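Enquirer: Taken in sequence, the protein lines are chains W and Y. According to my numbering, the first sequence holds residues 1 to 568 in order. According to my numbering, the second sequence holds residues 1 to 290 in order.
It is possible that some hints are incorrect.
[As the list claims (entries may be wrong)] PhoX-like cross-link-like pairs, simulated, lysine-lysine; straight-line CA separation at most 20 Å: (1) W:K12 <-> W:K53; (2) Y:K156 <-> Y:K140; (3) Y:K140 <-> Y:K163; (4) Y:K4 <-> W:K36; (5) Y:K159 <-> Y:K53; (6) Y:K200 <-> W:K100; (7) W:K53 <-> Y:K156; (8) Y:K53 <-> W:K100; (9) Y:K4 <-> Y:K176; (10) W:K36 <-> Y:K159.
[What the hints assert, rightly or not] From chain Y, some residues computed to sit far from chain W (all C-beta separations above 12 Å): (11) A107; (12) P144; (13) G158; (14) R165; (15) S168; (16) M220; (17) V242; (18) N258; (19) F261; (20) V268; (21) D275.
Note that these hints are calculated values from the structure, not bench results. Quick caveat: nothing in here was measured; it's all calculated off a predicted structure. By construction, the Cβ of each residue, glycine as well, lies at the ideal position given by its N, Cα and C atoms.
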Amino acid sequence: MANYYFDNTDLKHHLTHPLMSRIVELRERGYSDAQKFDYAPIDFEDAMDSYEKVLEIVGEICADIVAPNAESIDHEGPHVVDGHVVYAKGTQVNLDALIKAGLMGISLPRRYNGMNFSLVPYIMAADMVSRADAGFVNIWGLQDCAETIYEFANEEQRKKYLPRVCAGETMAMDLTEPDAGSDLQAVMLRASYNNEDGNWYLNGVKRFITNGDGHISLVLARSEDGTKDGRGLSMFLYDKNDGGVTVRRIENKMGIKGSPTCELVFRNAKAELCGDRKMGLIKYVMALMNSARLGITAQSVGLCEAAYREALAYARDRSQFGKPIIEFPAVYEMLSIMKAKLDASRTLLYETTRFVDMYKTYEDISKERKLTPDERTEMKKYQKMADACTPLGKGMASEYSNQNAYDSIQIHGGSGFMKDYACERIYRDARITSIYEGTTQLQVVAAIRHVTTGNYLSMIREYEASDFSPELLSFRNRLIEMTAIFEDTTEKVKAANDTEYIDFHARRLVEMAGHIIMGYLLLLDASRNESFRRSAEVYINYGEAQLVGHADFIHHFAVDNLDTYRQQ
Amino acid sequence: MSLKIIVLAKQVPDTRNVGKDAMKADGTVNRAALPAIFNPEDLNALEQALQLKENNPGSTIHLLTMGPGRAAEIIREGLYRGADGGVLLTDRAFAGADTLATSYALACAIRKMGAYDVIICGRQAIDGDTAQVGPQVAEKLGIPQITYAEEVQTVKGGKLRVKRRLESGVEVVEGKMPLLLTVNGSADDCRPRNAKRVMKYKYAKTITEKQNANVDYTDMFDSRPYLNLVEWGVADVNADLVQVGLSGSPTKVKKIENVVFQAKENLVLSSSDLDIDHLMFELIENHTIG
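For reference, chain W alone in the conformation it holds in the complex (with noise of 0.2 Å):
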């Protein structure tokens, strides 16, 4: 019986991190649930247990059932009948072990039938199931958007959907239309409301669409009529039991091929305005935004893992000149990269995680109490580096995921080309990662003004503060060195007072502060776990590299020399 949570102990690390009694504790509060729920924990200590308990369920399913379907699925895909989704076997064979094991609605209030679990098991479900099959974790992961119901629908609306997503129904948030990718500003499905049975209608088309045809849609529309931009956009609520929305296609992509992506009509569809109209942009899809990216980093983790696990197997087994290719140093440089990349995009996953779980769960609790001030002082700091740390953890981790996929075929050699090795599905699958919910260049456009208004320096600096095992020490002076490299450069490129020039040069000083926090999480986990110490080791001598090689380049770019790069 194979275990994707057992088999990887860095999970269970992540999931013990200290702060996690106090996510729990505000999550819980004060474990009252447990007079009106068996099922709720009645102290910390029972949380952790039930929560680890749970991911013992989830690695089983992954390993034994989600895993071993994959190639089929890959090869299978969904297909459209009548105007609707027929998934592969395999993802409705999937669907239903995790639905008979009650992994839906994870993090849901327990009133709504759900678990109330911390994000930080919800992530690491996510992050087996990716590695399991990273085209299945889309349509098992688009429970997301019951959080986004959660947040900003009424009551009676929460009633309604929540409970039957705890229940195994699916979701997709509709926002992609032909002419409306990246800015989603343009979006045209008109909205119109009907004075005489006061519903609102939906009409238009959307595509892109991933499980389209889930039970629960959420739907970004235009229901100001005349208006051209963001602020004309409300959210609706799409229940598939009214009908009116078919399914016109599903591509045919390169990878993910279990995921349906599709092409939707909206025929005066009925639907309900989910929150207050014009806010449909502006506040909720940047909230369902923020949450699917941190869903995308989980799913880039779990193919960094399949892809490492991949590649080392294969160079132990493989021997070449008349030993294991994996004594080779071209091969144990490549597979301590690969893991240092995993373990780095990991470890800022969980941090993550950890902020977006702080945060959240004290606006919750400002539902219900007025926070105090240093309640919200905390609140609002936790939001920030969650803000801070979101689009650094997709666009790195997501990066990583591909070069991970790319090594591993590497690794694989000729045969890793060939169709008969799971490196070449992930591969395929990984791809995505860097595209959707926003591509890397988004991620940057995002992350580029924590570098410009100090937030990654004032997160540094309190990194830099943290206890480390002494014999860590000489670690943190190269990253202290690295941070004085980083303000520099990034005092320069913010010197020269051109837009142009920053934006040229963004990515670049965003990836130098993702190797510097990457850099102490990673030395951080090797002071409470000596088993992440390579790791520590590897990345920092591989994110210094880089971080030099960044520096290098800006100091010898004028704003002048931007000229030599626009294109005619």
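Starting from the known structure of chain W, fit chain Y onto it as the hints suggest.
Expert: This is chain Y only, laid out in the frame that chain W set:
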């Protein structure tokens, strides 16, 4: 109609992943070296029970397992997947039981458990591989049995219609309840543990486990009575001491040999008296028996 279902399940050493130290020098199974698991075909049996329960609202499932104290895990695993309760049959006097003594003890416990409609068990356990316990329990209780069951198709008019998986194909038969099914490994895999049920039942313990636990959960067990697992000994099920355990077991292990199969040998027998007579003669002749 609602059904009262009893599932017979056994905790077994995981013989599917046998390492070097799986057998002791004296030829007996080194149980300490092998993880204890839910017998795989008993999981198939549990799944059939759970499906019956889903399709027949109001039905209940109780597990019955015989073994040492740690076999209480089997009851918990059943609860995690949807069973309503269970009984651990445990007593030093039960130790060393062969299939005859085991089926006697189980039958005594089933009588004590009260009325039932269906008893479901796995075809055989992966440690002994006899496939005898289920049929013997049915005989002792005087109820019909359907072996090699793969799927319960219908429940109608007090009868179960069951698809059997046989070597040469499938057979659909009907049996009148109460009856016993032994379920084949080709039946549906058991569903995973359910998250909420795991959280609800994870502290469930037998009285012996509670006594051995170093944490005091007295209050919890008082306020959540479903956490108390039933544990019965010989006296609780009114069993005859002579018929249980070693003393009730005519099977004596004379010798154990390591056998490496040279070729895939296969012999298909019909259930005719003639074929069985021939087999018996052959076994007596080559001293497998006697």
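Enquirer: Hint by hint, say whether it matches the structure.
Expert: Against the structure, the hints come out as follows:
Taking the CA atoms of K12 (chain W) and K53 (chain W), the gap is about 11 Å. The hint holds against a cut of 20 Å. Taken as a hint, the K156 (chain Y) and K140 (chain Y) pair is broken in the structure, with Cα atoms around 25 Å apart against an allowance of 20 Å. Between the alpha carbons of K140 (chain Y) and K163 (chain Y) the distance comes to roughly 24 Å, so the proposed pair goes past 20 Å and is violated. With a CA separation close to 29 Å, the supplied pair K4 (chain Y) and K36 (chain W) exceeds the 20 Å bound.
For a cut-off of 20 Å, the pair hint linking K159 (chain Y) to K53 (chain Y) stands: about 15 Å separates their Cα positions. Of the supplied pair hints, the one linking K200 (chain Y) and K100 (chain W) holds, its CA atoms being roughly 16 Å apart against a limit of 20 Å. With a C-alpha separation of about 39 Å, the suggested pairing of K53 (chain W) with K156 (chain Y) is violated against the 20 Å cut-off. Restraint check for K53 (chain Y) and K100 (chain W): satisfied, since their Cα atoms lie roughly 14 Å apart, inside the 20 Å limit.
Of the pairs offered as hints, the one joining K4 (chain Y) and K176 (chain Y) holds, with about 14 Å between alpha carbons and a cut-off of 20 Å not exceeded. In summary, the hint linking K36 (chain W) to K159 (chain Y) is not supported, as the alpha carbons are separated by about 41 Å, beyond the 20 Å threshold. Annotated as non-interface, A107 (chain Y) keeps its C-beta farther than 12 Å from every C-beta of chain W; the closest such distance is 32 Å. Distance check for P144 (chain Y) against chain W: the nearest CB is about 31 Å away, which clears 12 Å, and the non-interface claim stands.
Listed as outside the interface, G158 (chain Y) is consistent with that label: its C-beta sits roughly 29 Å from the nearest C-beta of chain W, beyond the 12 Å cut-off. Every CB of chain W is more than 12 Å from the CB of R165 (chain Y) (nearest about 20 Å), matching its label as outside the interface. A cut-off of 12 Å between C-beta atoms confirms that S168 (chain Y) is not in contact with chain W; the least separation is 28 Å. The Cβ of M220 (chain Y) does not lie farther than 12 Å from every Cβ of chain W; its closest approach is about 7 Å, which violates its non-interface assignment.
For V242 (chain Y), the shortest C-beta to C-beta distance to chain W comes to about 40 Å, beyond the 12 Å cut-off, and the non-interface label holds. With a cut of 12 Å on Cβ distances, N258 (chain Y) stays outside the contact zone with chain W, its closest approach being about 26 Å. The claim that F261 (chain Y) lies off the interface holds: its Cβ sits roughly 26 Å from the closest Cβ of chain W, which is beyond the 12 Å cut-off. The Cβ of V268 (chain Y) sits about 32 Å from the closest Cβ of chain W, beyond the 12 Å cut-off, so the non-interface label holds.
With a least CB separation of 39 Å from chain W, D275 (chain Y) remains clear of the 12 Å interface cut-off, as annotated.
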